[in-house]
Amino acid sequence: MSDVRYSLRAWTSADEAVCAQWRNQAGQPPAAPAPEEQALVLCDADGRPQACARLRPHLGLDIPRYSFHIGRAVHAAAELGLYHCQDTLLLGNDHTGEAELVDLACAPDCPQPQQALSALLEALLKPWLADPANRGRQLVVELAGWRRADGRSPFWDGLGRLFYPADPTPQRARWGEAWPAHLAALMPRQTLYLSFLAEPARQALGRAHEGAAPALQALATQGFAYSRHVRIDDGGPIWVLQASTRLG
Amino acid sequence: MSDVRYSLRAWTSADEAVCAQWRNQAGQPPAAPAPEEQALVLCDADGRPQACARLRPHLGLDIPRYSFHIGRAVHAAAELGLYHCQDTLLLGNDHTGEAELVDLACAPDCPQPQQALSALLEALLKPWLADPANRGRQLVVELAGWRRADGRSPFWDGLGRLFYPADPTPQRARWGEAWPAHLAALMPRQTLYLSFLAEPARQALGRAHEGAAPALQALATQGFAYSRHVRIDDGGPIWVLQASTRLG
Amino acid sequence: MSPAHDLLLRPVAPEDLPALERIAAATADGISSLPEDRERLRERIERSCQAFASEDAASGEETYLFVLEERGRVIGSSGIAASAGFHDRFYSYRNEFVVHASAALGVSQRLHTLHLCHDLTGVTLLTSFYIEPAYEAGLAPQLLSRARLLFIALFAERFNSRIAAEHPGLVDAQGHSPFWDAVGRRFFNMDYAQAEKVVGGRSKAFIADLMPHSPVYVPLLPEAAQFAIGQLHPVGELPFGILQDEGFDADTYIDIFDGGPTVEGRLELLRSVRQARRLALRPGALGLGQEHWHLVCTERRRDFRASLARLPAGVQELSPEHRVFERLGPPPGASVMVSPLDAVQEELR
Amino acid sequence: MSPAHDLLLRPVAPEDLPALERIAAATADGISSLPEDRERLRERIERSCQAFASEDAASGEETYLFVLEERGRVIGSSGIAASAGFHDRFYSYRNEFVVHASAALGVSQRLHTLHLCHDLTGVTLLTSFYIEPAYEAGLAPQLLSRARLLFIALFAERFNSRIAAEHPGLVDAQGHSPFWDAVGRRFFNMDYAQAEKVVGGRSKAFIADLMPHSPVYVPLLPEAAQFAIGQLHPVGELPFGILQDEGFDADTYIDIFDGGPTVEGRLELLRSVRQARRLALRPGALGLGQEHWHLVCTERRRDFRASLARLPAGVQELSPEHRVFERLGPPPGASVMVSPLDAVQEELR
Numbered sequence: 503m504s505d506v507r508y509s510l511r512a513w514t515s516a517d518e519a520v521c522a523q524w525r526n527q528a529g530q531p532p533a534a535p536a537p538e539e540q541a542l543v544l545c546d547a548d549g550r551p552q553a554c555a556r557l558r559p560h561l562g563l564d565i566p567r568y569s570f571h572i573g574r575a576v577h578a579a580a581e582l583g584l585y586h587c588q589d590t591l592l593l594g595n596d597h598t599g600e601a602e603l604v605d606l607a608c609a610p611d612c613p614q615p616q617q618a619l620s621a622l623l624e625a626l627l628k629p630w631l632a633d634p635a636n637r638g639r640q641l642v643v644e645l646a647g648w649r650r651a652d653g654r655s656p657f658w659d660g661l662g663r664l665f666y667p668a669d670p671t672p673q674r675a676r677w678g679e680a681w682p683a684h685l686a687a688l689m690p691r692q693t694l695y696l697s698f699l700a701e702p703a704r705q706a707l708g709r710a711h712e713g714a715a716p717a718l719q720a721l722a723t724q725g726f727a728y729s730r731h732v733r734i735d736d737g738g739p740i741w742v743l744q745a746s747t748r749l750g
Numbered sequence: 503m504s505d506v507r508y509s510l511r512a513w514t515s516a517d518e519a520v521c522a523q524w525r526n527q528a529g530q531p532p533a534a535p536a537p538e539e540q541a542l543v544l545c546d547a548d549g550r551p552q553a554c555a556r557l558r559p560h561l562g563l564d565i566p567r568y569s570f571h572i573g574r575a576v577h578a579a580a581e582l583g584l585y586h587c588q589d590t591l592l593l594g595n596d597h598t599g600e601a602e603l604v605d606l607a608c609a610p611d612c613p614q615p616q617q618a619l620s621a622l623l624e625a626l627l628k629p630w631l632a633d634p635a636n637r638g639r640q641l642v643v644e645l646a647g648w649r650r651a652d653g654r655s656p657f658w659d660g661l662g663r664l665f666y667p668a669d670p671t672p673q674r675a676r677w678g679e680a681w682p683a684h685l686a687a688l689m690p691r692q693t694l695y696l697s698f699l700a701e702p703a704r705q706a707l708g709r710a711h712e713g714a715a716p717a718l719q720a721l722a723t724q725g726f727a728y729s730r731h732v733r734i735d736d737g738g739p740i741w742v743l744q745a746s747t748r749l750g
Numbered sequence: 005m006s007p008a009h010d011l012l013l014r015p016v017a018p019e020d021l022p023a024l025e026r027i028a029a030a031t032a033d034g035i036s037s038l039p040e041d042r043e044r045l046r047e048r049i050e051r052s053c054q055a056f057a058s059e060d061a062a063s064g065e066e067t068y069l070f071v072l073e074e075r076g077r078v079i080g081s082s083g084i085a086a087s088a089g090f091h092d093r094f095y096s097y098r099n100e101f102v103v104h105a106s107a108a109l110g111v112s113q114r115l116h117t118l119h120l121c122h123d124l125t126g127v128t129l130l131t132s133f134y135i136e137p138a139y140e141a142g143l144a145p146q147l148l149s150r151a152r153l154l155f156i157a158l159f160a161e162r163f164n165s166r167i168a169a170e171h172p173g174l175v176d177a178q179g180h181s182p183f184w185d186a187v188g189r190r191f192f193n194m195d196y197a198q199a200e201k202v203v204g205g206r207s208k209a210f211i212a213d214l215m216p217h218s219p220v221y222v223p224l225l226p227e228a229a230q231f232a233i234g235q236l237h238p239v240g241e242l243p244f245g246i247l248q249d250e251g252f253d254a255d256t257y258i259d260i261f262d263g264g265p266t267v268e269g270r271l272e273l274l275r276s277v278r279q280a281r282r283l284a285l286r287p288g289a290l291g292l293g294q295e296h297w298h299l300v301c302t303e304r305r306r307d308f309r310a311s312l313a314r315l316p317a318g319v320q321e322l323s324p325e326h327r328v329f330e331r332l333g334p335p336p337g338a339s340v341m342v343s344p345l346d347a348v349q350e351e352l353r
Numbered sequence: 005m006s007p008a009h010d011l012l013l014r015p016v017a018p019e020d021l022p023a024l025e026r027i028a029a030a031t032a033d034g035i036s037s038l039p040e041d042r043e044r045l046r047e048r049i050e051r052s053c054q055a056f057a058s059e060d061a062a063s064g065e066e067t068y069l070f071v072l073e074e075r076g077r078v079i080g081s082s083g084i085a086a087s088a089g090f091h092d093r094f095y096s097y098r099n100e101f102v103v104h105a106s107a108a109l110g111v112s113q114r115l116h117t118l119h120l121c122h123d124l125t126g127v128t129l130l131t132s133f134y135i136e137p138a139y140e141a142g143l144a145p146q147l148l149s150r151a152r153l154l155f156i157a158l159f160a161e162r163f164n165s166r167i168a169a170e171h172p173g174l175v176d177a178q179g180h181s182p183f184w185d186a187v188g189r190r191f192f193n194m195d196y197a198q199a200e201k202v203v204g205g206r207s208k209a210f211i212a213d214l215m216p217h218s219p220v221y222v223p224l225l226p227e228a229a230q231f232a233i234g235q236l237h238p239v240g241e242l243p244f245g246i247l248q249d250e251g252f253d254a255d256t257y258i259d260i261f262d263g264g265p266t267v268e269g270r271l272e273l274l275r276s277v278r279q280a281r282r283l284a285l286r287p288g289a290l291g292l293g294q295e296h297w298h299l300v301c302t303e304r305r306r307d308f309r310a311s312l313a314r315l316p317a318g319v320q321e322l323s324p325e326h327r328v329f330e331r332l333g334p335p336p337g338a339s340v341m342v343s344p345l346d347a348v349q350e351e352l353r
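Chains as they are written, first to last, in this note's numbering: chain Z, 503 to 750; chain B, 503 to 750; chain H, 5 to 353; chain W, 5 to 353.
Take these hints with a grain of salt, some might be off.
Which stretches of chain H does chain Z cover? Using the computed rule of at least three CB atoms under 8 Å from a CB of chain Z, they are [said to hold, decoys possible]:
#1 93–107
#2 219–227
Across the chosen pairs, the derived CB separations fall in these ranges [said to hold, decoys possible]:
#3 Z/Asp652 with H/Ala177: 46 to 54 Å
#4 H/Gln198 with B/Pro634: 36 to 44 Å
#5 Z/Asp669 with H/Glu40: 50 to 58 Å
#6 H/Gly110 with B/Arg639: 40 to 48 Å
#7 B/Tyr585 with W/Val239: 29 to 37 Å
#8 Z/Ala516 with H/Gly110: 32 to 40 Å
#9 Z/His560 with H/Gln198: 47 to 55 Å
#10 W/Glu161 with Z/Ala534: 56 to 64 Å
#11 H/Ala160 with W/Gly110: 30 to 38 Å
#12 Z/Ala534 with W/Val202: 47 to 55 Å
#13 H/Gln113 with Z/Ser697: 20 to 28 Å
#14 W/Gly318 with H/Ala177: 54 to 62 Å
Just so you know, these hints were derived from the structure itself, not from any lab.
Computed from a predicted model, the values in this text were never measured in an experiment.
Heads up, the beta-carbon is just placed ideally off N, CA and C, and yes, glycines get one too.
Build out the structure end to end from the sequences listed, making use of the hints.
Below is the structure:
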């Protein structure tokens, strides 16, 4: 899968300026790695950065990380011939402590984004998978949720907005990664039935933003799959790589 | 992986008597397939049945199927330096409608059980995976939960027994596959914190019975992984094969 | 002579069948608990007669039905079911409010949720209230509704000490319940009338098994459904107002199907019961002072009778010659129960 | 002359500091809400004086502290916090019971769960009850506890119409709370005393943020913890019994930390308030009839005084010469409030 035209190297402080206009799989510009994190940059034959990715050993240990788990609930009365299966959402911190893949991004003018991202991922995952003692059981990646052409998120409009009526943009900018944790304090804590959400919000649930398409394809190639969890603000899908699946 | 010494054929009514003493991955004797189900038998060079497995296209549509989803909840107060991450259990019907692998079993005297089961699984999965339109997104398999030498389930003793104080054995025998659905009516409906369970019950959670070891290994070979769901009576693990993972 | 003197409340009798049929026909579907079906009405009357007559300890199955007559003509009905959800659970939604706050976001919000509960299982239910429209304005509805409470207080061992009453919820111009459409319908895929049909004679508990046990988050409901929570159908205003005045709480429970208010209160705290007094009967007894309307009832179960009389506020005894006995009949015991109808609230300051 | 005539309840004054220090030292840790710290006690007294003196509408922040004296010697204290959880939420566990049934298995079980709630946020709290052991048996505790309720009724605009009071829960021989060990400790990994230290002066609401919001399933708790739910520490029996007699409900709420009962009631339904009457003062007024002990209090806020007197049951007016004014001082207005102490329950049958 990897391509001879590319070369890999560790992230350097100079990359921050280069990547400032890039957008990662979650729709944000990539940031510099923390000391315990591992970040790789993939460069083209001329040494220009084409893609980057970062591996965080454990998520949610400083700021609690929230997601909705998508479950199912059956209500049935056999005697009446009534049977209903409904999808449900439950707020939780299910991925706490797992490893996380962040800032998976490529240059806007990258000629073969999916190929570049796949090559990068493969290089990043190889040592992770080879170290069962330290790697944990899952590698988690959050993807930006679907938005309309005007930039609005139907999932937010159908759920988050009802519990936090103000415009979330300034708060998201102010709190960064902590924003969903603050939002979670206002959200329903018990099981939500999806059928109570407006149709556009239901349609957007677990659907990734178009800009994340190359990242999604690259992740699928590497064995990542949809975890039936979504982000709490925009309903973007959370994918995971089960370490045991790859090892099986 | 498949071995030339084995041959495969469809289940016949004569197999029922042959398999009566076998135990499947869930600890029960295999049963005859329903019309919509696909069942294969693997025979040795002499034509003697060595292993069997059955594929059910959709689970939980007649009798609701219950499981506990294992989630996580973080309670943190940064100002106090307090942070606690706890595992949780939530009763649900999350796998409703998915395909199910049942009656994965091999003969008690099968010389290479794991190899036989792997060969059988591969044959059963190939057409399933090749038919994205009809196959659904997951293949689910329930495994018998861990028991002590005296046959008691610590998970049952630490949870189920507190909500259904009688001996479950006769009811399990009487109701068969419907038993967990009746039990579910008595169980807690909201999130349970694992820390409220006795230590032996916690240890048994998601741990398979020793008899299921060859099945587990064969499932892992084929890409199945632990789904973070368990059976509600004995805490046995539920493994799934993500269709997309195999196709990725 | 005021027509209020002509009113008499008594247990229903088999001869009342035609009158009950008239009442059942006059009440909108789902509003009254009287069925529009002669056989079922006859059964209801029979069960009531048995309940009044039974000497046994209460089984909880009893339903008591009263009729109000004016000079012998039946003009209304009211009833009591000894135990809500007998043989099964009685479900309601309980209103709950929790505060969700985020200091970081500077937001603190009061979140309204509805919790499916069977808190009211086993309580005594007031049912079957109906009064002819011409009598709505006078004292007749007061007698019809409140005399039941004195009956319950007199025979408390047959009833629960918690009393509740269901009231019809809002429906729109097309006869649809916005609350059902937003909540129940999602779990039935049919309208309420259909659901009632499918469920047939089964208990509401059965339907409730099909509804989610996690709370309903009110902000997720359409506005019309949010508005309908705890809202009364106009047809229920009269009986609802009387029970509110008795001190029933109307803010806690709503009907799980149409969202109408289910009121609830402890018997001993209800106004008519709190203010009830036993008056000794003494020939020639004279009450002095300004007279107010009072409920007056006999203390027999099977021959329970209640009527209205003007009596002085602090009256201690009553003459068997009092005109109230023209309606009540000769007093069967040495005393009667009375409770003022228009008592002022005790005020401390 | 009975010593009960010598008792006087009045607002705390700065001169009471030594007496309060004595009380704080005498009360076990966590039982009384009086701190064993002179500065904090001085502050409490000051805040109380401000609360009694303030002419403003209530902010909810006020705490009122009363002392009971016998011929000038302080023998007890009691207090009121105008609004529970002021500036924050006030958490409790609410007992809930649901029926889980399976027809197929032939089982129907009543399942007990505890729900974290802040239902009692903003209610008025009764606090700081302490009486010297020598006075526990007489009428002194009655005056000490119940006079607060008359004060609240007289100045209702400063308080909530719902009143609650916390009571200490069970501890074992080692001083550990079995309820805390089974519930709170799982989320703190420390014992209650430690947790209180870590949390410092912060509100309980803060601690509650660390506790799960899903119900606690009681069958999962160890037996000792199950038994401790709603159980009273013996030291709380006296004040608890008085409030039970007032009609407070003790079955709904428990403390989230030690499982002790938190009682709750509506002011207007509490016995002392329901039975309170205003007596006009008229020189030479004579009450006739058998005398019973009554609470008697003045109607002024800052100079609130309450004492005990024997008065006839139906007394309508009182002479300013009555001996109760030897303690209360010259009546400051044209009337006083009274409420019988040993009234019999109204009974219907």
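Now the hints, each set against the structure:
no.	hint	result
1	93–107	holds (count 3)
2	219–227	holds (count 6)
3	Z/Asp652 with H/Ala177: 46 to 54 Å	violated (35 Å)
4	H/Gln198 with B/Pro634: 36 to 44 Å	holds (37 Å)
5	Z/Asp669 with H/Glu40: 50 to 58 Å	holds (55 Å)
6	H/Gly110 with B/Arg639: 40 to 48 Å	holds (42 Å)
7	B/Tyr585 with W/Val239: 29 to 37 Å	holds (35 Å)
8	Z/Ala516 with H/Gly110: 32 to 40 Å	holds (38 Å)
9	Z/His560 with H/Gln198: 47 to 55 Å	holds (53 Å)
10	W/Glu161 with Z/Ala534: 56 to 64 Å	holds (59 Å)
11	H/Ala160 with W/Gly110: 30 to 38 Å	holds (33 Å)
12	Z/Ala534 with W/Val202: 47 to 55 Å	violated (35 Å)
13	H/Gln113 with Z/Ser697: 20 to 28 Å	holds (23 Å)
14	W/Gly318 with H/Ala177: 54 to 62 Å	holds (58 Å)
Hints 3 and 12 from the list above are not met by this structure, while the remaining hints are.
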